[in-house]
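J.: Chains as they are written, first to last, in the working numbering: chain A, 1 to 368; chain B, 1001 to 1169.
FYI, nobody ran anything at the bench for these hints, they're computed from the structure.
Glycine residues also receive a C-beta, built at the ideal position from the N, C-alpha and C atoms.
Any given hint could be a false lead.
[Claimed, not checked] Now the stretches of chain B that chain A is said to cover, found in silico as 3 or more residues with beta-carbon under 8 angstroms:
#, region
1, 1060 to 1068
2, 1090 to 1098
3, 1142 to 1148
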Amino acid sequence: MFTQQIEDDKLTVSIGPQHPGAGHFRFTITVEGDTIVDVLPDPGYVHRGAEKQTEYRNYLQSIPMLERSSLTDVTNIIMPYSMAAEELMGIEIPPRAKYLRMIMSENQRIISHLYWMGIQGIFLGHSTAFMWPLGDRDIFIDLGQMIGGARITYSYAIPGGVRNDMPEDFKDRALKVFNYFEKRLVDYERIFFQNPLFLKRTQGVGVLPRSEAISLGVVGQVLRASNVKSDVRIDEPYNFYRDIDFEVPSFDTCDTWARCMVHLIEMKQSMRIIRQCLDKMQPGPVRAKLSPQQRTVVGEAYTRVEAARGAMSYHIISDGSTKPYRVKISVPSFRNLIALKRLLIGSHVADMPAIYWSLDYWPVEADK
Amino acid sequence: MSSPPAKIELPNEEKAILDSVASKLGDKVKVLFAKPNRIKISTRTDNLVDVAKFARDELHFDQCANVTGTDFPKDKQIEVTYHFGSIDDAGLRRVILAVACRVPSTAPEVPSLIDVYPSANLHEREQAEMLGVIFKGHPNLTRLLLPEDWTDIPPMLKAYRLPGRLESE
Chain A
1 MFTQQIEDDK LTVSIGPQHP GAGHFRFTIT VEGDTIVDVL PDPGYVHRGA
51 EKQTEYRNYL QSIPMLERSS LTDVTNIIMP YSMAAEELMG IEIPPRAKYL
101 RMIMSENQRI ISHLYWMGIQ GIFLGHSTAF MWPLGDRDIF IDLGQMIGGA
151 RITYSYAIPG GVRNDMPEDF KDRALKVFNY FEKRLVDYER IFFQNPLFLK
201 RTQGVGVLPR SEAISLGVVG QVLRASNVKS DVRIDEPYNF YRDIDFEVPS
251 FDTCDTWARC MVHLIEMKQS MRIIRQCLDK MQPGPVRAKL SPQQRTVVGE
301 AYTRVEAARG AMSYHIISDG STKPYRVKIS VPSFRNLIAL KRLLIGSHVA
351 DMPAIYWSLD YWPVEADK
Chain B
1001 MSSPPAKIEL PNEEKAILDS VASKLGDKVK VLFAKPNRIK ISTRTDNLVD
1051 VAKFARDELH FDQCANVTGT DFPKDKQIEV TYHFGSIDDA GLRRVILAVA
1101 CRVPSTAPEV PSLIDVYPSA NLHEREQAEM LGVIFKGHPN LTRLLLPEDW
1151 TDIPPMLKAY RLPGRLESE
């Protein structure tokens, strides 16, 4: 839908909800000349009531439904849910399952970042930067398929551990892919991230200072690009991230360029994490014994992980039955939405796509 | 935990928070649980803003990470829980402070914390439409995620049944 309304010297333009690049989300901007003076985000076009639907399902049954809201990031979106369920059930998952969760979640992070990069490329009019990442993304989807069995939705990190072990030839295949992709990242940096046009369109654009990033409560790449070295994997280590050596990128320029660079560096670090996991993991069981109708204790759990787009948390309140009493999902996209208005006001219309997609805002995830 | 968990020693930061809460807020709050990384306290609605200001200024929790509204029809109450996190204070980043307050279902009114925590803005709007809670003082408590033509009761109330679902489910 595209409506225009002229009032004095201002023009109101409605963008979306037909897929302004990344799902069904609409925002209305008011422009004066080509400067944006007001922004009205209007999410909710893909709200599917995931939280309500969990009331009708037991802990295990909710998993395939919950992961639908973030198809590029399915392991990370259900991992905190499983962690919360495990806390309420009082079970500890086997070490190998923790390593497998880390491998899948880092693989997922690369898949999500490559998708982000493709769309950012097309938003900036760079069609090579659209096709290359989406092509390479398939290789990582293949890796995920080797473990999870499906291409996109694995339902892998279930309460009690993971669904199945990885095949024996996974390590060889993964190392081959990483050797290829590490060279490929150098190419990406050269053709896209150091491209003069890319620099011109992102540097100094959409600056979110550190203090505002903190008070607005943004997460993930947006927070790290605003000169905050914060990552749930470091702040509150889950699985075995405490034993893994990796870096959290952060930049003091606080602009769109920094948000893009954080994505690039995180892909390198994710491969580094998977390499270490593959070296450290020992054979063993991958799932704790669990009844499908497993009971929980009365109480509540608040768990969080660093998903591809930032801190993802679940707040589950249990009344001791086999179904959760209340599941509250706090997703990174929803938390970053508040920054959209702050960043767009005062910027030019031409900078809007670059700023919008640098937030990696995923409408389906935000709407739940 | 199915068996009573072994008493886990609280880390120093959590102990300091509990001491500070006990000495400065006193009767205004009740500690519901305190475990490593997670503390939950409850308060009355008229003290909520003071507690939030205390959490921000004295305890250095600088953002609101989540707001959960939960309907308890048996108690005829709705619980609104704010989850505060810290970013600036790196030692506190692992801790989440939950502040809960319960309001009667018939008049669910909670003071908005948007002036204390600007990051609570969208979270409060979401819970307002999902549970019908009115966050007094919120400047823009309009529809966020629900369809524009939604005429039913707020969907996260337990009285709302999903279409097609039986009463027994």
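J.: Hint by hint, note whether the structure agrees.
T.: Going through the hints against the structure:
| no. | hint | result |
| --- | --- | --- |
| 1 | 1060 to 1068 | holds (count 6) |
| 2 | 1090 to 1098 | holds (count 5) |
| 3 | 1142 to 1148 | holds (count 5) |
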